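**Student:** As a plain string of letters, each chain reads:
There are 2 protein chains.
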Amino acid sequence: MATGAGSEQFVTRARGARPKRIVLLGATGSIGRSTVDLLTRDPEGFSVAAIAGGRDHAALARTAIAVKAEFVAIRDEEGYAALKEALSGTNIQVAAGREAVIEAATREADLVVSAIVGAAGVEPTHAALALGRDVALANKECLVCAGAPFMRTARERSARLLPIDSEHNAIFQALGGEDVSKIETMTITASGGPFRTWTREAIEAATVEQALNHPNWAMGPKNTIDSATLMNKGLELIEAHHIFGVPAEKLDVIVHPQSIVHGLVSFSDGSVTAGLARPDMRVPIAHCLAYPERIETPAPRLDLVAIGALTFEKPDLERFPALGLALEAMRAGGGLPTVLNAANEIAVEAFLAGRIGFGGIARHVADALEAALEDGTAREPGSVEDALDIDHIVRERSRGALAMNRASGMLTLQ
Amino acid sequence: MATGAGSEQFVTRARGARPKRIVLLGATGSIGRSTVDLLTRDPEGFSVAAIAGGRDHAALARTAIAVKAEFVAIRDEEGYAALKEALSGTNIQVAAGREAVIEAATREADLVVSAIVGAAGVEPTHAALALGRDVALANKECLVCAGAPFMRTARERSARLLPIDSEHNAIFQALGGEDVSKIETMTITASGGPFRTWTREAIEAATVEQALNHPNWAMGPKNTIDSATLMNKGLELIEAHHIFGVPAEKLDVIVHPQSIVHGLVSFSDGSVTAGLARPDMRVPIAHCLAYPERIETPAPRLDLVAIGALTFEKPDLERFPALGLALEAMRAGGGLPTVLNAANEIAVEAFLAGRIGFGGIARHVADALEAALEDGTAREPGSVEDALDIDHIVRERSRGALAMNRASGMLTLQ
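If you read the sequences in order, they're chains S and X.
In short: position in the first sequence from 1, add 91, done, that's my numbering.
In short: position in the second sequence from 1, add 91, done, that's my numbering.
Think of the hints as simulated: they come from the structure by calculation, not from any bench.
One or more of the hints may lead you astray.
One copy or two, it doesn't matter: identical chains are merged, so the pair holds either way.
Heads up, simulated BS3-like pairs for lysine-lysine below, C-alpha to C-alpha not over 30 Å straight-line [to be verified]:
| # | residue 1 | residue 2 |
| --- | --- | --- |
| 1 | K159 | K111 |
| 2 | K159 | K273 |
| 3 | K313 | K111 |
| 4 | K159 | K341 |
| 5 | K111 | K273 |
| 6 | K341 | K405 |
| 7 | K273 | K313 |
| 8 | K405 | K111 |
| 9 | K341 | K175 |
| 10 | K405 | K159 |
| 11 | K175 | K273 |
| 12 | K313 | K405 |
| 13 | K175 | K405 |
| 14 | K175 | K159 |
Every value quoted in this text rests on a predicted model; they were computed, and no experiment measured them.
Looking at chain S on its own, in the form it has when it is part of the complex (with noise of 0.2 Å):
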């Protein structure tokens, strides 16, 4: 007896002996602030080789000692002497600037969750694939701006890419280790976001409030205006087609606006499986840092009964055409959808400065996919270098367009 309940113990703690490092880049924002307070929960489980962050020197130094990261790295050179000084008397080592971020993600770890928000992520995340390093990708450029090429140093390296996001999370775990070649269709699900009644009319005249109104995630505002256009659906399918090799015939989205369906997998025998979970980040974060093993997280537990219903609806493209832009981006491929991440970033943070309606937001991610293709820029970029040079001449275009906008805008759109 004594021998059974010494084994059952085994199994609850199969990682082994050593704590699984980590590197965490990225540290607090959203993904990053759900991840430490997993970290934090497990200090058996896991060690923090370094962890990195952008500006906030005060969160990061809190971060670091919470963690007890053996390294910092702030990308905001600005931030150095504060965060030195507010980590001074520990062992923490301390960084700043790009390089320093890229230290951060190529220290000796087992596993580098990626949850740098935007552009920004695309060179670091890179530099952790090029050494073989296993990623946990929350980082949406990665794979929308530069994915073939990213992909192919995965490749190269045999490095694993685990999803962060909900439905790639999901349709992770639907697929169960089967090969991507038996399946029939790869579906993610969209909320429907806060206009999915509205008309059309309506949706174009939406405020910047109405727009931040999500009703189910809580998100920064540049995912929440994404998830009101369902631009982000449009993104994730372009993730999706990357990190599973799936050809974009063969992906779709549906409308569930309970949020609790991520996405499903069907295959030719009329099998589906589905992965479905609370809106919790912390749920697929835990199974992206214990993957192949699972931790226990106090995210709460799926009651379909206390749900009651849940119910699917066809994306109307016609209402939302930023995901008729980028199912069109996916399709024709080369750099097109690089084109359409950059200038939709810029298109929302044009909106969510007043300068442009809701409806605008579209509009000029179409013009920008028409002048990318008239000009050569939506050429298939050779490498992240170029995605991320295209990336960078889109949103310069795209600024220049928009501040043009502007003056007009102010006539028109008001």
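Following the hints, complete the assembly by docking chain X onto the known chain S.
**Tutor:** Just chain X, lined up with the frame of chain S:
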């Protein structure tokens, strides 16, 4: 390019050059016919070592020719001459009787499909397992009547058990090879049957015709009545307990009238995976036949948007006492599931023959469990033979009790 196309073809027929050798036990029943439908669609993928059936010699002869079986066994010796005659001029070997069915079960094969209905399926299926054959299991009695010793043989001989039941197959797919020790709960769904919304009094007085009117599945009369009492879900939980090795307290049932989600598994991190499909038995049968590959079936594909809503309710043990009895039998273990199953089968026969009312089924099972606990019949069966002995004793006793009931029933139940 030519190389690429060639390697793709290899992927779609990855089973290799040799067709998979199948034994099909119960070839003329509902599961058997669906299996034959799939086998005849893929003659290059499968060859049939043997088939076995009960009484229907004409159907068995037609099936043997259709699947090009090498050997056919008919359980009923009276059918031998007619079967032999129908297959004269073919190379198909013919034999009859109990031993012949065991010979069919133990012919050299890659997979034995166990689809004989009732206790008659246990001995041949167990004989196949004892030789280490992989078994696709549709027969309920193997696990409900003789679960512990049956699974012991499978473990000892390293035989793989693949579940054909839609609920267990869905869970098997949802598990995706993950270790069962990591799960928090395992849930099967119930359609709720024809009496889902009926009052307790109306259910008590339900007629045979009403009970046979199942909303979603076309099944034999025994299974259809079990779906109306919800006893089928109790039997399925007992099966899940054995086939997946999950403790009784982690097993659950929820009512899901659309019968689309068939089973769910939840993990300690809050993730849930689910298996879904339209109600068509060819889906789980095809999954088992091809496992770990996949084959294409003509089964209708799942369209969640067309279905619109999936709803979930708590099962009501007050109105469906048979489910409560099964849960008690599963939790108590020992020989109680064996007693439950035998008593239920005789009670359902009595109901179908008009000898007891619908409410009498659960009352009879409760009486049988109590009697077996009192006199030691509910002892833990030490072997498959022992379990079949208990099964036999309980059936005889139930027949006796319900024959007596008949006389008084004429006065009180009509």
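**Student:** Look at each hint and say if it fits the structure.
**Tutor:** Results for each hint:
Taking the shortest alpha-carbon separations for K159 and K111, only the intra-copy value of 14 Å comes in at or below 30 Å, while the best inter-copy value is 55 Å. For the identical chains of this complex, K159 and K273 are inter-copy neighbours only, at 28 Å across copies versus 44 Å inside a copy, given an alpha-carbon limit of 30 Å. In this assembly of identical chains, the alpha carbons of K313 and K111 never lie at most 30 Å apart, being 32 Å within a copy and 53 Å across copies at closest. For a Cα distance limit of 30 Å, the shortest separation of K159 from K341 qualifies neither inside one copy, at 44 Å, nor across copies, at 37 Å.
In this homomeric assembly, K111 and K273 come within 30 Å of each other (Cα to Cα) only across copies, at 18 Å, whereas the closest approach inside a single copy is 33 Å. Within a single copy, K341 and K405 get their C-alpha atoms as close as 16 Å, which meets the 30 Å cut-off; across copies the closest is 36 Å, which misses it. In this assembly of identical chains, K273 and K313 lie within 30 Å of each other by CA distance neither inside one copy nor across copies; the values are 35 Å within and 36 Å between. In the homo-oligomer, the alpha carbons of K405 and K111 never lie at most 30 Å apart, since the shortest distance is 42 Å inside one protomer and 40 Å across protomers.
Taking the shortest alpha-carbon separations for K341 and K175, neither the intra-copy value of 50 Å nor the inter-copy value of 50 Å comes in at or below 30 Å. Taking the shortest Cα distances, K405 and K159 never come within 30 Å of each other, neither inside one copy (47 Å) nor across copies (46 Å). Taking the closest pair of Cα atoms, K175 and K273 never come within 30 Å of each other, the shortest separation being 52 Å inside a single copy and 42 Å across copies. Only within a single protomer do K313 and K405 lie at most 30 Å apart by alpha-carbon distance; the minimum there is 24 Å, versus 40 Å between protomers.
In this assembly of identical chains, K175 and K405 lie within 30 Å of each other by CA distance neither inside one copy nor across copies; the values are 52 Å within and 57 Å between. Within a single copy, K175 and K159 get their C-alpha atoms as close as 15 Å, which meets the 30 Å cut-off; across copies the closest is 79 Å, which misses it.
In summary, the structure is inconsistent with hints 3, 4, 7, 8, 9, 10, 11 and 13 from the numbered list given earlier, while agreeing with the others.
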